[in-house]
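Asker: Put together the whole structure using the sequences plus the hints.
In terms of our numbering, the sequence shown opens at residue 2 and continues consecutively.
A few of these clues could be false.
Said to hold, decoys possible - SDA-like, lysine to any residue: derived pairs with alpha carbons at most 20 Å apart:
no., residue 1, residue 2
1, Lys489, Arg508
2, Lys11, Ser144
3, Lys11, Arg74
4, Lys305, Glu323
5, Lys11, Glu430
6, Lys11, Asp26
7, Lys305, Ser144
8, Lys489, His20
Calculated directly from the structure, the hints in this document are not laboratory data.
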Amino acid sequence: MRAFEKDMPKSQLLELYVHGLGVIDDAHLEFEPGFNVLTGETGAGKTLLLGALDLCLGGDAVSSRHAINGDLRVAAIFSRADGHESVLSRESGTSRRLRSSLDGVPSSTEVLRSLADELVVIHGQHDSLALRSRAQVLRIIDSRGGVSTSELDDVRRRLIECRRLRDGGGGDIARRQRDLEFLDFQIAEIERAAIVGPSELDEHLEVLARLSEMRDGRAAATSVINRLDADDDHAVLAQLAGAIDQLPRTIVYEAARTTLIGALESAREGVRELTDISEVESSDEREIERLEERIGQLRALSRKYGGSLRSTLESLEELRAERQVLADSAHRLAVLDEEIIRLGSLEELLAGEARRERESTAAALSEAVQGQMNRVALGGASLRFVVGGDDGSEALILFTPNPGLPEGPLQSLASGGELSRVLLAISLETAHEDVVAVFDEVDAGLGGQVAQQIGECLRELGERQQVLAVTHLASVAARAHCHFVVEKNVSNGTTTASVRRVDGEERVLEIARMLAGDEMTSQALALARKLLETSS
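Answerer: In structure tokens:
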């Protein structure tokens, strides 16, 4: 097992299924952790596979010319960082309108898109979502610096709520009375339950499981006793005793008779033991009923008030506090004014702290990423993370491709290939990303030693998170942990593509093809083997 396989409680792309997309009739890929690579001749359909993945993540629908017979189906299976699996899929019928589903249940494109940021970042020749979105740039900075704004966010939510209550505090008396009555109902509902503590439900479940097990065991024992030794002639022991009595009392049958009598006595002894156990292992049916009723009550409250008894008890305190504020309008307004001032000052303080943390992190990250630029063939380029706004949440990346040129927003100045390589440099410095990184021809236009460096970077990144890349370069493909080949086939004037995983000698042949083209030579094969040996 590789080291990364043991240390990856992260999002992973497990499988990708594609039907009816461009030249791809049917394809099923099962990915591995680490660095996965797609290779194949130009036009075979490698980028279409990434397009299929993008569709699964809620990307824009492909044009109708991409569908075969109007029947398009794509599905991606992910293992999420929380340990659960999710199946994201899109399909079209004769209407060519795409339908979305999540885990087999009809869903919306928006839902799939909302999951995309948790699962994948796609960096292609024409787009690099992780660097075009300011929210994603901010996420990179916060992840690098361990910046948490949860307290600031909570203060802002409370400030908004206090202002809302203050603005509406002097008007509708009837509405305020309705609010009071509803609060009274909620408070009384929780108080009537007399919750002992946050762990009461778990404790009751443990006791109920034990009592239920005792009850079930006693019922089973009673059933066995009744079948063996009931007060009627149909009981097993009675029938056995009667059968023994029917045997002739002669020496011929004496041994058999003795054996049967011994078996009968053993069975009777077993019945006596079961009876003793049943009398000891008694269970209280009324206690079981009481526990089941109590558990149902506590579960109902938990579902209604946040999902747990702890949240229910916290809700009770919040409801009591809200009622107290609402009960006395004059006092409430004064308290709200004081709270708004206090929260406003606290917001300003926390926002300033967040901005300073982000500015410090942005400067350090800029320096670190700049140190990786040579490795990704951007030695002449410069890059800076900058933040703005009162809390530093207005984040962007400034970039210049060559010395002496004015810097500007990365997405405006960088080419598609540069965007991908910048993201690779950033990924090498942002430890423990929990999403899948996808690169479409990050090595476009490169070769030689630079291409080898890109391959080394992708493999290094693959040790920390799952990586999927499309490449035309053998030196990059040789460094992958898992290798897929996309092949184009022409039959009866129709072009289709197939995908297969290659290992061993098949992989050697593919690397050699990438080195020498269709003219396979012994030198290409030898170099392919050497590349694979030095990359493993």
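Asker: Look at each hint and say if it fits the structure.
Answerer: Taking the hints in turn, this is what the structure says about them:
1. Lys489 with Arg508: holds, 17 Å
2. Lys11 with Ser144: holds, 15 Å
3. Lys11 with Arg74: Not satisfied, since the Cα-Cα distance of roughly 26 Å exceeds 20 Å.
4. Lys305 with Glu323: Holds. Lys305 to Glu323 sits at ~18 Å (cutoff 20 Å).
5. Lys11 with Glu430: With a Cα-Cα distance of about 17 Å, the restraint between Lys11 and Glu430 holds, given a limit of 20 Å.
6. Lys11 with Asp26: violated, 31 Å
7. Lys305 with Ser144: Roughly 34 Å separates the two Cα atoms, so the pair is violated.
8. Lys489 with His20: holds, 15 Å
Going through the hint list in order, the structure does not satisfy hints 3, 6 and 7.
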